[in-house]
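Those protein sequences? They're chains A and B, same order as listed.
Counting from 1, one number per residue, gives the positions in the first sequence under the UniProt record's numbering.
Counting from 1, one number per residue, gives the positions in the second sequence under the UniProt record's numbering.
It does not matter which identical chain is used: a pair holds within one copy or between any two.
With a straight-line Cα cutoff of 25 Å, these simulated SDA-like cross-link-like pairs (lysine to any residue) come out:
| # | residue 1 | residue 2 |
| --- | --- | --- |
| 1 | Lys9 | Val117 |
| 2 | Lys15 | Trp65 |
| 3 | Lys9 | Cys84 |
| 4 | Lys78 | Asp109 |
| 5 | Lys78 | Pro23 |
| 6 | Lys15 | Asp109 |
| 7 | Lys15 | Leu113 |
| 8 | Lys78 | Cys100 |
| 9 | Lys78 | Leu49 |
| 10 | Lys78 | Trp65 |
Worth flagging that the hints you see were computed from the coordinates, not collected in a lab.
There are 2 protein chains.
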Amino acid sequence: MVVMSLDPKIADRLKRNSDGLVPAIAQQYDTGEVLMLAWMDDEALHRTLTTGRATYWSRSRQEYWVKGESSGHQQWVKEVALDCDADAILVKVDQVGAACHTGDRTCWDADVLEPVVGERPQ
Amino acid sequence: MVVMSLDPKIADRLKRNSDGLVPAIAQQYDTGEVLMLAWMDDEALHRTLTTGRATYWSRSRQEYWVKGESSGHQQWVKEVALDCDADAILVKVDQVGAACHTGDRTCWDADVLEPVVGERPQ
Chain A
1 MVVMSLDPKI ADRLKRNSDG LVPAIAQQYD TGEVLMLAWM DDEALHRTLT
51 TGRATYWSRS RQEYWVKGES SGHQQWVKEV ALDCDADAIL VKVDQVGAAC
101 HTGDRTCWDA DVLEPVVGER PQ
Chain B
1 MVVMSLDPKI ADRLKRNSDG LVPAIAQQYD TGEVLMLAWM DDEALHRTLT
51 TGRATYWSRS RQEYWVKGES SGHQQWVKEV ALDCDADAIL VKVDQVGAAC
101 HTGDRTCWDA DVLEPVVGER PQ
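With the hints as constraints, model all of the structure from the sequences given.
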């Protein structure tokens with residue numbers, strides 16, 4: 001059987017926001033770098049699970065976005081998991097080049113804040 | 001000067017959803033494990049930056065949630081950054097014990113999907 005849309009067993013437990021979207025965190029599978037956060041609907045998750053390429057829903061362009069299709073900075077899918085509430089997705093990928101559209105490796109490289117650092121009690 | 005609320009320079013660029021919230025990814029600072037995704041408003045980010053303890057807005061309880069306050073599974077803040085669009089926060093923490101309310105170390109340990117794995121072209 002060719003599955004044409006998201007497996008109903010997954011769709012049944014996925015919890016979407018009011019726009020039908022779920023936040024998806026992309027992480028480099030070997031180094032652990034958190035690369036970016038984007039959004040998936042059912043179809044984007046289906047494509048991510050079945051094509052080997054991380055695919056998102058672009059809220060700004062209102063279209064599916066195969067990461068790297070225009071930039072060449074593809075995300076090759078290694079692992080995918082839903083969180084305990086099924087309302088957040090973790091996608092472990094092999095990121096080619098920069099994950100961020102600014103050219104930075106990750107989307108959190110440029111705007112680092114200065115927190116008070118906490119220390120775990122000994 | 002004692003800063004009583006989020007630094008205006010940060011608040012000015014923070015992009016919130018229609019509920020005034022921003023997704024925050026908690027990552028173990030040394031191992032790179034992605035622990036959980038939760039939500040912050042301005043005040044939760046302010047507390048996270050100034051107390052050394054990761055603090056979220058609980059959408060289910062509609063109250064501030066100092067992670068570990070009841071469970072003992074605190075998150076001691078090491079680094080905080082905004083992403084390129086200032087609409088997602090990465091908080092690197094030292095997580096005591098389990099990050100997930102289920103008792104798992106991370107919120108993505110239990111519901112692992114089976115993607116088609118992609119391979120970067122050689």
